[in-house]
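Chain by chain, the residues:
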Amino acid sequence: AQKITQTQPGMFVQEKEAVTLDCTYDTSDPSYGLFWYKQPSSGEMIFLIYQGSYDQQNATEGRYSLNFQKARKSANLVISASQLGDSAMYFCAMSVTGGGNKLTFGTGTQLKVEL
Amino acid sequence: KAGVTQTPRYLIKTRGQQVTLSCSPISGHRSVSWYQQTPGQGLQFLFEYFSETQRNKGNFPGRFSGRQFSNSRSEMNVSTLELGDSALYLCASSPLGPVGNQPQHFGDGTRLSIL
Chain A
1 AQKITQTQPG
11 MFVQEKEAVT
21 LDCTYDTSDP
31 SYGLFWYKQP
41 SSGEMIFLIY
51 QGSYDQQNAT
61 EGRYSLNFQK
71 ARKSANLVIS
81 ASQLGDSAMY
91 FCAMSVTGGG
101 NKLTFGTGTQ
111 LKVEL
Chain B
1001 KAGVTQTPRY
1011 LIKTRGQQVT
1021 LSCSPISGHR
1031 SVSWYQQTPG
1041 QGLQFLFEYF
1051 SETQRNKGNF
1061 PGRFSGRQFS
1071 NSRSEMNVST
1081 LELGDSALYL
1091 CASSPLGPVG
1101 NQPQHFGDGT
1111 RLSIL
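Chains as they are written, first to last, in my numbering: chain A, 1 to 115; chain B, 1001 to 1115.
Next up, chain B with everything else stripped away, as it sits in the complex:
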């Protein structure tokens, strides 16, 4: 069974640009969550999607947005990139809805660097 697939693996952008990251969950998994990992702030929850609807949102500015498609694939978008957005962005999927207390399975991440 294929795991969570994130594309691209690496990305370099400049300040002010926008970026779209993609996540394909494990087949049959319907919930997708996104996390940002930085050396200074650690791992922080961005948002969670289930049935094409955002179910949970972390404490990030509106420049960070996402969506989920009918096949459960998800994208996140960051507009007007800032240097502080440089991070590893991790996507995780789980089989059930946003019920909590179930293991989430992560992809390899997208490493975003802002110049």
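The following block holds chain A by itself, in its conformation from the complex:
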């Protein structure tokens, strides 16, 4: 079974600063994928970034980067130059190869960007 742990229920960051959202995972499968999603108050889930377990380099997508530390089983999301529109709930999730497309989600981190 897979497990995702997000220990920060809420975070505040000032506009234009960088912020790191923590995520640790647990699985015995050697091949897996890690994902981050953003959920604004309107409810839709927006895919942000993906990291494969065998990827050598950390994934980056625009202002989003994933700090992947395999030995520590952590996959933290870094948002650079925060914007007011980044205020939302952020979920870390994982799937394992051979497990279909089933995503196991963490409990989420509510990010609030302030002026």
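It is worth saying that the hints were derived from the structure and are not from the lab.
Just so it is clear, CB atoms sit at the ideal spot from N, CA and C, and this is done for glycine as well.
Heads up, some of the hints might be wrong.
Stated by the list, open to error - A short list of chain A residues far from chain B (calculated; beta carbon distances all over 12 angstroms):
{"no.": "1", "residue": "Met-11"}
{"no.": "2", "residue": "Glu-17"}
{"no.": "3", "residue": "Leu-84"}
{"no.": "4", "residue": "Val-113"}
Unchecked claim - Between beta-carbon pairs, the in silico distance windows are:
{"no.": "5", "chain 1": "B", "residue 1": "Gly-1040", "chain 2": "A", "residue 2": "Phe-47", "range": "23 to 33 angstroms"}
{"no.": "6", "chain 1": "B", "residue 1": "Gln-1017", "chain 2": "A", "residue 2": "Arg-72", "range": "40 to 50 angstroms"}
{"no.": "7", "chain 1": "B", "residue 1": "Gln-1018", "chain 2": "A", "residue 2": "Thr-20", "range": "41 to 51 angstroms"}
{"no.": "8", "chain 1": "A", "residue 1": "Lys-70", "chain 2": "B", "residue 2": "Thr-1014", "range": "47 to 57 angstroms"}
{"no.": "9", "chain 1": "B", "residue 1": "Ser-1070", "chain 2": "A", "residue 2": "Met-11", "range": "38 to 48 angstroms"}
{"no.": "10", "chain 1": "B", "residue 1": "Gln-1018", "chain 2": "A", "residue 2": "Lys-3", "range": "27 to 37 angstroms"}
As the list claims (entries may be wrong) - Reference listing, derived: stretches of chain A covered by chain B, where coverage requires no fewer than 3 residues with Cβ under 8 angstroms from a Cβ of chain B:
{"no.": "11", "stretch": "33-45"}
{"no.": "12", "stretch": "94-102"}
Fit chain B to the known structure of chain A by using the hints.
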């Protein structure tokens, strides 16, 4: 390219009734997954469909069922509704089969309220 479309957006039902939710995946996407999101249990996987066949199933009672049509559109049905079924139901699609480790793209969800 149109995203994942879920209908209806909002639904109010009473205990004991049944409900059908619809999901149209992104054009060309063949795998559809369903998730339930509640404040208490978070995001939980319901089931996944590919080629009109259920490929994965989460830990939900038999009152929750689904199907997929030849055009990849999917429906989920909940019978004998209970108060605890009040939730946001999210549908996600992905282009490949149930191979895992690929981003899933979510719809805006159907918010179901049980009175």
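How the hints compare with the structure:
1. Met-11: Check passes; 18 angstroms lies beyond 12 angstroms.
2. Glu-17: holds, 27 angstroms
3. Leu-84: Per Cβ check, Leu-84/A is outside 12 angstroms of chain B; nearest 21 angstroms; holds.
4. Val-113: Holds, since 22 angstroms exceeds 12 angstroms.
5. Gly-1040/B / Phe-47/A: 23 to 33 angstroms: holds, 25 angstroms
6. Gln-1017/B / Arg-72/A: 40 to 50 angstroms: The hint (40 to 50 angstroms, Cβ to Cβ) holds, given that Gln-1017/B and Arg-72/A are roughly 48 angstroms apart.
7. Gln-1018/B / Thr-20/A: 41 to 51 angstroms: Between Gln-1018/B and Thr-20/A, where Cβ atoms are some 45 angstroms apart, the hint holds.
8. Lys-70/A / Thr-1014/B: 47 to 57 angstroms: holds, 50 angstroms
9. Ser-1070/B / Met-11/A: 38 to 48 angstroms: holds, 45 angstroms
10. Gln-1018/B / Lys-3/A: 27 to 37 angstroms: holds, 33 angstroms
11. 33-45: Since 7 is at least three, the answer is holds.
12. 94-102: holds (count 8)
Of the numbered hints listed earlier, not one is contradicted by the structure.
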